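Protein sequence lines, in the order shown, are assigned to chains R and X.
The first sequence begins at 1 in our numbering and counts up by one.
The second sequence begins at 1 in our numbering and counts up by one.
I should point out that these hints are in silico values taken from the structure, not numbers from a laboratory.
Predicted, not measured: the structure shown is a model, and the values here were computed from it.
Glycine is no exception: its CB is placed at the ideal position from the N, C-alpha and C atoms.
Check each hint, because a few of them may be wrong.
[To be verified] Quick list of in silico lysine-lysine cross-link-like pairs, DSSO-like style, CA-CA up to 27 Å:
(1) X/K169 / X/K108
(2) X/K213 / R/K89
(3) R/K89 / X/K145
(4) R/K89 / R/K129
(5) R/K125 / X/K125
(6) X/K125 / X/K75
(7) R/K75 / R/K140
(8) R/K129 / X/K195
[What the hints assert, rightly or not] Some, not all, of what chain X presents toward chain R, calculated at C-beta under 8 Å:
(9) N74
(10) S76
(11) Q122
(12) Y184
(13) I211
(14) K213
(15) E215
(16) R218
(17) L219
(18) R220
(19) R222
(20) D223
The primary structure of each chain is shown beneath.
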Amino acid sequence: MSRRRKRSIFDLMGEYMEDFRRWAEETIGLVTAEQPSWNTGTCCLEPLCNVFVTIDEVVVTADLPNTNPDSVRIKATGEDLLEIRAEMKRKLRFDDFGITHRRGEFSSFRCQVRIPVPVDTEKMKTYLKRGVLEAHLPRKRRQRRLSN
Amino acid sequence: MSEPVRIVEKEPTPPDAIAVQGLPDVGLVGLIATAHMVSELNLKEIAYVDSNLLPPIVVLHDGLPHSPLRIFANKSLIAVIAEMPIPADTVQPITQAIVNWLQSKNVKMTISIGGLPVPDRQNIKDPKVFGAASNASVLKMLQEKGLEILTEGYMVGPQALVMRYCAEKNLPAIALLAQSFYNYPDPEAAAAAIKELTNITGLKVNVSQLIEKGEEIRLRARDVMKRTQNEMTRMKKSQEYDLPLYV
Numbered sequence: 001m002s003r004r005r006k007r008s009i010f011d012l013m014g015e016y017m018e019d020f021r022r023w024a025e026e027t028i029g030l031v032t033a034e035q036p037s038w039n040t041g042t043c044c045l046e047p048l049c050n051v052f053v054t055i056d057e058v059v060v061t062a063d064l065p066n067t068n069p070d071s072v073r074i075k076a077t078g079e080d081l082l083e084i085r086a087e088m089k090r091k092l093r094f095d096d097f098g099i100t101h102r103r104g105e106f107s108s109f110r111c112q113v114r115i116p117v118p119v120d121t122e123k124m125k126t127y128l129k130r131g132v133l134e135a136h137l138p139r140k141r142r143q144r145r146l147s148n
Numbered sequence: 001m002s003e004p005v006r007i008v009e010k011e012p013t014p015p016d017a018i019a020v021q022g023l024p025d026v027g028l029v030g031l032i033a034t035a036h037m038v039s040e041l042n043l044k045e046i047a048y049v050d051s052n053l054l055p056p057i058v059v060l061h062d063g064l065p066h067s068p069l070r071i072f073a074n075k076s077l078i079a080v081i082a083e084m085p086i087p088a089d090t091v092q093p094i095t096q097a098i099v100n101w102l103q104s105k106n107v108k109m110t111i112s113i114g115g116l117p118v119p120d121r122q123n124i125k126d127p128k129v130f131g132a133a134s135n136a137s138v139l140k141m142l143q144e145k146g147l148e149i150l151t152e153g154y155m156v157g158p159q160a161l162v163m164r165y166c167a168e169k170n171l172p173a174i175a176l177l178a179q180s181f182y183n184y185p186d187p188e189a190a191a192a193a194i195k196e197l198t199n200i201t202g203l204k205v206n207v208s209q210l211i212e213k214g215e216e217i218r219l220r221a222r223d224v225m226k227r228t229q230n231e232m233t234r235m236k237k238s239q240e241y242d243l244p245l246y247v
């Protein structure tokens, strides 16, 4: 049987840094990927979103100005993924932003939000106030009793 | 060696003016409020900030290039405005250069407009505005005007440094912070801050257009807000939520 080499503090630090690098690439890459906040193919704008994790729930918010409240839809598209869609009250073109060197119009908001911890999407409650969508998702819990 | 931050003057600066700063920060409150004042009061560009510390960006307006950090004025008001977030690692030299320049122009007072993030902003119809001051006499003046004071806590970001440098130079300075969303553009908070500014200074600024165009501003400001959020994270803006420990 081969004897396992005892890892030094430098090995541990190296592993930790590598893990951190991978995490940063995955997480920050997803959040701050240098992509436009619009898509002329789907005629969608990406809304600003937030995810807050508390002890009991995950709260997802999205800023949805210029939208018809009845058109706002939020649904789970996976265990850890929510999709938010909303139709705009009025279509927007690049001209409306003063941009004349691009062509395209936008009629809705659309984004996908990744939920970082397990939640019960069946029990999701949503509110729309001041054009901001707020979704509350209770966290799934695994309770463990401490043994004596 | 040239200075890292230069203020390039295009027109004479009015003497004894009040200077307002609207640099991108929480809810873009300062930027939205100051941009509205520039438009509403028809202020003219009198100077711009040039620095090799800033990213290589120009802003095009009517086909012509401009610095993203510009200074506007009329006879009694100077407005400093940035159309992009100031990178966290350059906030110090940039704000210091602006304060030095304002002092050299003998401004009467500087007013930084910003947001005070509140988690339940959706439930607040009329955002409250809080004030902070660079010295005791300005603080007293704010209290006499009926403004609620930020008595304890942390301020982080451009307006915090403006306040610090003004205090060092004994230049009267006020920070007006309106309750706002943290990272959603908040024109209603900007309107609340302007109302308080008019109460303090006697300036007349109509905010009805700002309220009317609120949704449009929120749409237009999404990308600046997103980039500003990245810089706020880098400058540890969330420390404003912390409970302070005073010894």
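Do the hints match the structure? See the list:
no., hint, verdict
1, X/K169 / X/K108, "13 Å, holds"
2, X/K213 / R/K89, "14 Å, holds"
3, R/K89 / X/K145, "41 Å, violated"
4, R/K89 / R/K129, "16 Å, holds"
5, R/K125 / X/K125, "22 Å, holds"
6, X/K125 / X/K75, "35 Å, violated"
7, R/K75 / R/K140, "18 Å, holds"
8, R/K129 / X/K195, "24 Å, holds"
9, N74, "24 Å, violated"
10, S76, "30 Å, violated"
11, Q122, "4 Å, holds"
12, Y184, "4 Å, holds"
13, I211, "12 Å, violated"
14, K213, "11 Å, violated"
15, E215, "4 Å, holds"
16, R218, "4 Å, holds"
17, L219, "5 Å, holds"
18, R220, "6 Å, holds"
19, R222, "6 Å, holds"
20, D223, "6 Å, holds"
Going through the hint list in order, the structure does not satisfy hints 3, 6, 9, 10, 13, 14.
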